[in-house]
Amino acid sequence: MSSNTAAAHDHTHDHTHDDHHGAPKGLLRWVFTTNHKDIGTLYLVFSLLMFLIGGGMALIIRAELFQPGLQLVNPEFFNQMTTMHALVMIFGAVMPAFVGLANWMIPMMIGAPDMALPRMNNWSFWILPFAFTMLIGTLFMPSGGPAGGWTLYPPLSLQTGNSFAFVIFAIHMLGISSIMGAINVIATILNMRAPGMTLLRMPLFVWSWLITAFLLIAVMPVLAGAVTMLLTDRFFDTTFFSAAGGGDPVMFQHIFWFFGHPEVYIMILPAFGIISEIIPTFARKPLFGYTAMVYATASIAFLSFIVWAHHMFTVGMPLGAELFFMYATMVIAVPTGVKVFNWVSTMWRGAMTFETPMLFALAFVILFTIGGFSGLMLAIVPADFQYHDTYFVVAHFHYVLVTGAVFAIIAAAYYWLPKWTGNMYNERLGKIHFWWSVISVNVLFFPQHYLGLAGMPRRIPDYAVQFADYNMISSIGGFAFGLAQLLFAFIVWQCARGGVKATAQVWEGAKGLEWTLPSPAPYHTFDEPPKIDDSVVAHGDVAH
Amino acid sequence: MTHADTPNPNRYFVPHNAPWPIVGSIGMTALLAGAAMSMNGTAAGKISMLAGFAIIVVMLFGWFGQVVKESVNGYYNSQVDTSFRMGMIWFIFSEVMFFAAFFGALFYARVFMVPWLGGEGHGVMTNALLWQGFDPVWPTNGPAAVGGGFDTVPAFGVPLVNTLILLTSGLTVTMAHWALKVGQRRSLVLWLAATVALGFFFVYLQAEEYIHAYQELGLTLGSGIYGSTFFMLTGFHGMHVTLGAIMLTVIMFRAAKGHFTADNHFGFEGVAWYWHFVDVVWLGLFVFVYVV
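Residue numbers (the working numbering), protein chains in the order written: chain L, 1 to 544; chain R, 545 to 836.
Among these hints, one or two may not hold up.
[As the list claims (entries may be wrong)] Pulled from the structure, derived: some chain R residues nowhere near chain L, Cβ distances all over 10 Å: (1) Pro-559; (2) Pro-563; (3) Trp-564; (4) Ser-638; (5) Trp-660; (6) Lys-725; (7) Gly-766; (8) Thr-786; (9) Asp-807.
[Unchecked claim] Heads up, simulated SDA-like pairs for lysine to any residue below, C-alpha to C-alpha not over 20 Å straight-line: (10) L:Lys-531 with R:Arg-555; (11) L:Lys-25 with R:Ile-566; (12) R:Lys-590 with L:Asn-162; (13) L:Lys-431 with L:Gln-494; (14) L:Lys-25 with L:Arg-497; (15) R:Lys-801 with R:Gly-606; (16) L:Lys-285 with L:Phe-341; (17) L:Lys-531 with R:Ala-737; (18) L:Lys-531 with L:Thr-516; (19) L:Lys-431 with L:Pro-529; (20) R:Lys-590 with L:Arg-497; (21) L:Lys-25 with R:Asn-671; (22) R:Lys-725 with R:Ser-622; (23) L:Lys-431 with L:Lys-531; (24) L:Lys-285 with L:Ser-299; (25) R:Lys-801 with R:Gly-714; (26) L:Lys-531 with L:Lys-501; (27) R:Lys-590 with L:Thr-232; (28) L:Lys-285 with L:Phe-354; (29) R:Lys-801 with R:Val-612; (30) L:Lys-25 with R:Pro-563; (31) R:Lys-613 with L:Tyr-153; (32) L:Lys-25 with R:Val-558; (33) L:Lys-431 with L:Leu-376; (34) L:Lys-531 with R:Gln-623; (35) R:Lys-613 with R:Phe-832.
Hints are computed from structural coordinates only; laboratory data are not their basis. We put the CB at the ideal spot given by N, CA and C, even for glycine.
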């Protein structure tokens, strides 16, 4: 295996210095790497790039909607933007960001030398650039990219031009990547914990990822099946989704959302985990109700499998189904409420400070809860008949995904950047980024609630004039928010290049294995399993 | 082997510099982009597909070859073994969920779609206005009789034989496992050979059945919802049997070379699990696609 000579080293060395060999040099380091930190960095950088590309698409949408009428783009391209914005943000920005965080943090949080299956870990990442080249490349095909919405509902999606098969195969590749990533996370958590790191001593970020990985393995193959049926309906004469042949387009929606609803939680459970790490650190108190948090996460995951049809209340389902899915959906508010209650209780009478990660975490708790409440409104069948496919839905899921998932990812980046880079980020700029983001994001999305309640449909390039004012406000917020994220990219870049040296502890109140390591964390960590006792367990109330 | 790591049973083996994943990505992209081009009628698509497939085969040989080498040279301790086992179990679970999507489509079609098209429940007006006179009995190719008239494959002919073949192969692979556990390599290889033979015989009978269906029964992939579910379920299953049989063949050769010992043979077990998985899926198929 000549390819291994470059990084060859002798494991029988004295291991008192774990970084006895550093990172290999050159570009190929990143292509061939099996190191969880390298792969985590690849995922995070890729995710940031996709976030900016997907954000650019969002700004095209908001620019067109700045005023009524058609100004900048034609409707076909507008629809391609809404479709691609969603696919890029979901599969390119949010999911890879969480996998990147999992790669970086899980081995360091459970005392493992690396991920369980390091080569497969490399492949999980390196499928993504190819899949997204294929997916985004469809925009440049003569027929244009997919324009029927990211949910790919037939029969509309079957009318996509030559890009259709490329989109389907890109989705297959993304699924393969996600499944392999998830298998790696599960095997790592179940098999690689240091002795003494029992399941109920694990940091909540690890717990949330264990459950997320299970969801991924359970539902990504179902998406693969659904899009495969689309492909054969389009090219090989099957009639899964055509009533003439005894099929039903609504069946696609059922299969899609059996994937799609757990997918929503795939994008929020790791965020819950991140917030559960950050709040105790800056409240300088143990997390309130650790085990309740674990059970709440597991309950949400279980419920996610039996609520899918709340995405399709207006499609014409039997009354019994409407009622079942309505009540099952509302039940989710209970474990979610437990989580919000526990975060607030953790802060109660804590010695709080408000560094940037904490600010984003606090904004998460408040704004995600707003998104949760609008979700409850949407769960009510008779009300949903009014809200369905309006901007109210857009407002709802952007509150849970932008001020929820994305804010949590940003919080995580600020929280762990000093551990990754060895440098403190610029706190002043971080605070500016926070206030700029949190104000603009509300200017961006809050008016969309009103637009939806007033009846403005989603996924349209033009609208009636009575919606003009709120759309203009929303677009202004959108551009401000987009600009703020360029500042974020700058802060991350600046922090990676240098700055005030971070200590191993970084944050006064931080607890957990990753903070026992120097900053930056050495290339190889925990080659020998660390000793686990209460002093290094992340959540101090766990063992008692 | 210029790998300078020395095997150390007390440490978890973390490989360095993996060249094969990126090769796999290139192969996968060439294969799938080629398939997409072919579907759009671009002639170059076939070349890209072939190249992609070849690259993937090279990648599999290279990647697995490296893992096999590391395994027989003792790099993997029991913890690594457990990681592989977990990886395989969860991979099989993902496969189960892939088939679940198609079984779900079958059940949804039979329990809801077809009766609704026939006017049951809230489908009254659909039936009255669009598909009057449609008789919602299974098997069906829908109210427009898509693909024309067809007959189904009777369950208690070739499918029953295939069921017996797969069940027997489950038995032979277990016999192979027992032989492995008591260290009888000759017997192990023979039982594996029997399993491989049964596997490929199953695939052969499936292929014959497909030819029969297309040429004589008028049953094709385009025969409405029945044809769609029938061929997608049995087709994906057949592909998995083929893959499983190829994997068993590799394992047979590895067994003949003495790669497995009584207490260290994850490669064998992983493939055996996979084989049992395709076996169980077939039982579901036999019951729900052919019999019921």
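Tested hints:
1. Listed as a non-interface residue, R:Pro-559 fails to keep its Cβ farther than 10 Å from every Cβ of chain L; the least gap is roughly 5 Å.
2. Chain L draws R:Pro-563 into its interface by the beta-carbon criterion, the shortest separation being 5 Å against a cut-off of 10 Å.
3. The beta carbon of R:Trp-564 is not kept farther than 10 Å from every beta carbon of chain L, the shortest such distance being approximately 7 Å.
4. Chain L draws R:Ser-638 into its interface by the beta-carbon criterion, the shortest separation being 5 Å against a cut-off of 10 Å.
5. For R:Trp-660, the non-interface assignment is contradicted: its Cβ lies about 8 Å from the closest Cβ of chain L, within the 10 Å cut-off.
6. Non-interface status of R:Lys-725 relative to chain L is upheld: no Cβ of that chain comes within 10 Å, the nearest being about 24 Å off.
7. Not every CB of chain L is more than 10 Å from the CB of R:Gly-766 (nearest about 3 Å), against its label as outside the interface.
8. Residue-level check passed: R:Thr-786 sits 17 Å from the nearest beta carbon of chain L, beyond 10 Å.
9. With a minimum CB-CB distance of about 19 Å to chain L, R:Asp-807 clears the 10 Å threshold, and the non-interface call stands.
10. Between the alpha carbons of L:Lys-531 and R:Arg-555 the distance comes to roughly 16 Å, so the proposed pair stays at or under 20 Å and holds.
11. Between L:Lys-25 and R:Ile-566 the CA atoms are separated by roughly 18 Å; this keeps the pair inside 20 Å, and the hint holds.
12. Our distance criterion of 20 Å between C-alpha atoms is met by R:Lys-590 and L:Asn-162, whose separation comes to about 16 Å.
13. For the hint pairing L:Lys-431 with L:Gln-494, the CA-to-CA distance comes to about 15 Å; that is within 20 Å, so the pair holds.
14. For the given pair, L:Lys-25 sits about 17 Å from L:Arg-497 by alpha-carbon distance, which is consistent with the 20 Å threshold.
15. For a cut-off of 20 Å, the pair hint linking R:Lys-801 to R:Gly-606 stands: about 18 Å separates their Cα positions.
16. The suggested pairing of L:Lys-285 with L:Phe-341 holds, with an alpha-carbon distance near 15 Å, which does not exceed 20 Å.
17. Restraint check for L:Lys-531 and R:Ala-737: not satisfied, since their Cα atoms lie roughly 49 Å apart, outside the 20 Å limit.
18. As the CA atoms of L:Lys-531 and L:Thr-516 are separated by approximately 11 Å, the hinted pair is consistent with the 20 Å bound.
19. Distance hint between L:Lys-431 and L:Pro-529 is unfulfilled; the C-alpha atoms sit about 37 Å from each other, more than 20 Å.
20. A hinted pair counts as satisfied when its Cα atoms are at most 20 Å apart, and R:Lys-590 with L:Arg-497 does not qualify at roughly 47 Å.
21. Only pairs whose Cα atoms come within 20 Å are accepted, and L:Lys-25 paired with R:Asn-671 is rejected, the gap being roughly 68 Å.
22. Between R:Lys-725 and R:Ser-622 the CA atoms are separated by roughly 17 Å; this keeps the pair inside 20 Å, and the hint holds.
23. With a C-alpha separation of about 37 Å, the suggested pairing of L:Lys-431 with L:Lys-531 is violated against the 20 Å cut-off.
24. For the hint pairing L:Lys-285 with L:Ser-299, the CA-to-CA distance comes to about 25 Å; that exceeds 20 Å, so the pair is violated.
25. Only pairs whose Cα atoms come within 20 Å are accepted, and R:Lys-801 paired with R:Gly-714 is rejected, the gap being roughly 23 Å.
26. In summary, the hint linking L:Lys-531 to L:Lys-501 is not supported, as the alpha carbons are separated by about 27 Å, beyond the 20 Å threshold.
27. Pair hint R:Lys-590 plus L:Thr-232 holds up; C-alpha atoms about 18 Å apart against a cutoff of 20 Å.
28. Of the pairs offered as hints, the one joining L:Lys-285 and L:Phe-354 holds, with about 14 Å between alpha carbons and a cut-off of 20 Å not exceeded.
29. Restraint check for R:Lys-801 and R:Val-612: satisfied, since their Cα atoms lie roughly 12 Å apart, inside the 20 Å limit.
30. Restraint check for L:Lys-25 and R:Pro-563: satisfied, since their Cα atoms lie roughly 15 Å apart, inside the 20 Å limit.
31. Taking the CA atoms of R:Lys-613 and L:Tyr-153, the gap is near 47 Å; set against the 20 Å cutoff, the hint is violated.
32. In summary, the hint linking L:Lys-25 to R:Val-558 is supported, as the alpha carbons are separated by about 19 Å, within the 20 Å threshold.
33. Of the supplied pair hints, the one linking L:Lys-431 and L:Leu-376 is violated, its CA atoms being roughly 32 Å apart against a limit of 20 Å.
34. A C-alpha spacing of about 18 Å is found between L:Lys-531 and R:Gln-623, which places the hinted pair at or below 20 Å, so the restraint holds.
35. Between R:Lys-613 and R:Phe-832 the alpha-carbon distance is near 43 Å, which puts this suggested pair outside the 20 Å criterion.
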